[in-house]
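> Chains as they are written, first to last, in the working numbering: chain X, 1 to 396; chain Z, 1001 to 1152.
Please keep in mind that the hints were generated in silico from the structure rather than gathered at the bench.
Honestly, I wouldn't trust all of these hints.
[Said to hold, decoys possible] Where chain Z lies over chain X, by a calculated footprint (3+ residues, C-beta under 8 Å):
1) 38-51
2) 125-133
3) 197-210
4) 335-346
Where a beta carbon is used, it is the ideal one built from N, C-alpha and C, also for glycine.
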Amino acid sequence: MRGPGFTSVLGLVLLVGITVLFVTGLLSYAAYNPDLSPVNDKTPDKGLLGFYLFAWPTDPHWLYRFTQGVHVTLGITLIPVLLAKLWSVVPRLFTLPPARSLAHALERISLLVLVGGALFEFVTGVLNVQLDYVFPGSFYRLHFYGAWVFFAAFLAHAVLKTPAALRNLRGLRGAPEEKNDLVSPRPAEPTVSRRGALWFVGGGSLLLFATTVGQTLGGPLRRTALLAPHGGGEPGTGPNGFQINKTAAYAGITAADRDEEAWRLVVTGRTGTVRLSRAQLLQLPLHSSALPIACVEGWSTADQWWRGVRLRDLAALVGHEEDPPDVFVESLQRHGSFRRAALRANQVADPRSLLALFVNGEPLSPDHGHPARIIVPAAPGVLNTKWVARMTFGDL
Amino acid sequence: MRPRIPVGSPFQLLLLAASFALAGYAGVRLLDDDWFGVALWFVGAALLHDLVLLPLYAALDRALLRGLGTRRERAGYVRVPAALSALLLLVWFPLISGMVESRYRSATGLPGDVFLARWLLITAVLFGGSALLLVLRSRVRRAAKQRPPAVH
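One chain only, chain Z, in its complex shape (with noise of 0.2 Å):
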């Protein structure tokens, strides 16, 4: 008997039909102009960051945390902070970065130079801030060990 390829549900064929249908008409639009260009964007996003960025933010993050060792429980104060600034770098990168720093003073005639100190503030204060929290919770959570139990 020959092998057979199991089609699976014929609701979901029809439906991905319909889709590829739908996204093949814009598609020859899309890559009707420079297709390699538009081709190397699309596909490449996604290896990028299936293949790039994604593994390297989860070992950036393992690292932290074997790096914490027994503290692994604060792992959150180095964590959020850290993740917010790269996350505002990763949005605001070509301002940051200065890359279009001319062509974007003079399209708007506003300075191009700020925004490396005004990202660089922002973390100063993630960092400022979640530092401060830990402190302050550990010592609260110090006191409460230190006061003895309440009598009811």
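Chain X on its own, in the form it takes in the complex (with noise of 0.2 Å):
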């Protein structure tokens, strides 16, 4: 059963989950526009690896929720895929001699780059999805670098493997298979045909998507993530009962700070600085948009129907009324990460995107940014801050 027949297929199967992998997770770091400003990049000494960053497009307005749906669901569904595939091969693991040439030497060095690279991605993201911070440092960072590490040592192995394993997946369905190394040269008796053994790992995976994806489909499919961070179901009921990223009460926004009374808005751009109350705000044309949250942990909701007043018409309030400009943003939050972020010219100019104050037909709730917040359609969910006290309008 364990041969290079099976080894191949999922050989194959990883070498096109990987590589969309990849490009997914390239993708969400040039969708916090890193470049920006440095509240928005965690990994300022990134040099060459932030080559291809562009400015992150607000069309579609899904377009976050999808890219980062596929990169987590497609992660977790390819674990089993993963870990029959280290199975397949650990034969390799005990060859002697253990080098025959420098050139397999150097190749077995980066045979534990790739295995380590490969545990060390999917672990972090796994840990990271069920808020589990245990690793040692910054997500975004050891999942970034991380992930050049390991993609660096899949390169190499796809360019050395890729034809053997087409030529396998080409003898399977002809000539017997080839019978090297990976083949035990006293088989037990076999239990379990190669057919069989890949319709297991094929339903390891089925049952791993298939109690994960509702999460990031929500509506009444959240329900079916039985065991996803997002799954099972809302955290209330009502137009404010849909998924939170961080409560109140954990970002340590207390009644008093969100107090109508008292809170201001502090707007600043090129004619000085203005302070506006809630009331104030509710007397600016209002405007909706139907937008979605979508979180770099790979959850998202349907789109919310957000109310409030446009980006831009806060922009020409302080002097920028031709070419809305980038804007910083400050929440009301004391400590966490994104509580000061960075939207970029193209982000604070399209229509949909809102200094939100209410979330379908009704005030925000606490948790979900009472007494106003940014919503930007195709933003990863942390660039739209809730809780705002200050808006800082130019280039930054």
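Could you fit the two chains together into a complex? Lean on the hints.
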């Protein structure tokens, strides 16, 4: 059963799957606009690894929901494939002699980077979505730099092994399987066929997929995501009863902080600073947009119906009538890594980008950012700052 | 004559050198904050998998096969639900074990104590379904044996 045929099928699945994971991961990194402002950037020493960065678009409005949903759901679904692949090549771990040549020795060192890197990426990702921050450092740094280390080894492995894997796969449909060192020299009586084993791995993937994907699709399907962190049910009922990333209590926002009499939004721009109460904001032209919340953790909500003041109208209020610039947004939050965030000019200019005061026809709840929060199409969840205190327009 | 170290394929050497250079470029950044902790996780993950997790489940599987003796062909009925249940436990261990319960509840506003019960129920369905399948298939097989061979 264990043999080059089984390994090749799993290897080719991982070749495609991990490539998609890497690309969607790089997209998520770009979605934070790390080159816009230090507050968006957890990896200021990225150097050339940020070579491809671009201004993250606002269209389609479900873009981040899609790319990050694919990233996390696919990653979880591939876990059985990765485990089976590692199982299938374990005889190679004990190959003797340890190295036949210099190239072979280097390849074996590269395999340690490959296996260590794969497990490091999967483990940090799986722990982060469960809020289990036990890894040594910031998730963004570890998962991003770890991805590049892993992908370097993955690329070399793919170039060296894909031709043989394709050859083996063609062989499966004709000639008998080549017997190499992956096949046991004294195999025990088989209890399962190769086809059966592949079904078994696929069944594991299907089970993980089925109990996870609902947290991304949302709606009634959220109930099917029985073990995913944002599956099962909603945190409440009514217009504000949809998924929350961090509650007001968790973020340290008190009722006094949010008090509508005391709270003022401080907006600064070319012509100076204005201070607006919530009542004054309600006097400005209000607009609606239907946008989702989409988290880096892979879960998202269906489109919610937000209502509030356009970001570009706020920019105009402080002297940026034409061509809205970037904006630096600060929350009432006193701690937490994204209590300050920067949005790019294209995000500010989008007519669907709001400083929201209402959601689904009711005032925002404390957990969804009352008195006011940012909502921008296609932006990662944490850039939609809640409990906004200050907005500074201008080139960052 | 001095013993010569074989070099191997030059293409492979170049490819691996390029791979190590890129891994090194990212690696120094990965190791910048807490090099020991990160190295421990990186190498530890590989060692833990290859030398603990894999031998452990392989040994459990062998013990199962030995225990079944002559009924080895029925191993799948135990193996499949057990492995699927273990897989779910492995992936969602922080939630199922309750080790992140208070942070999870305070951050998301969702109840954090539901995952153990859900995992146990899924496990019950997996084993129960497998048992049902075993009984049904044995009956069909027995019925097929008792039926006289069809005459054509």
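> Does each hint hold? Answer for all of them.
So, going through the hints one by one against the coordinates:
no.	hint	in the structure
1	38-51	holds (count 6)
2	125-133	holds (count 5)
3	197-210	holds (count 5)
4	335-346	violated (count 0)
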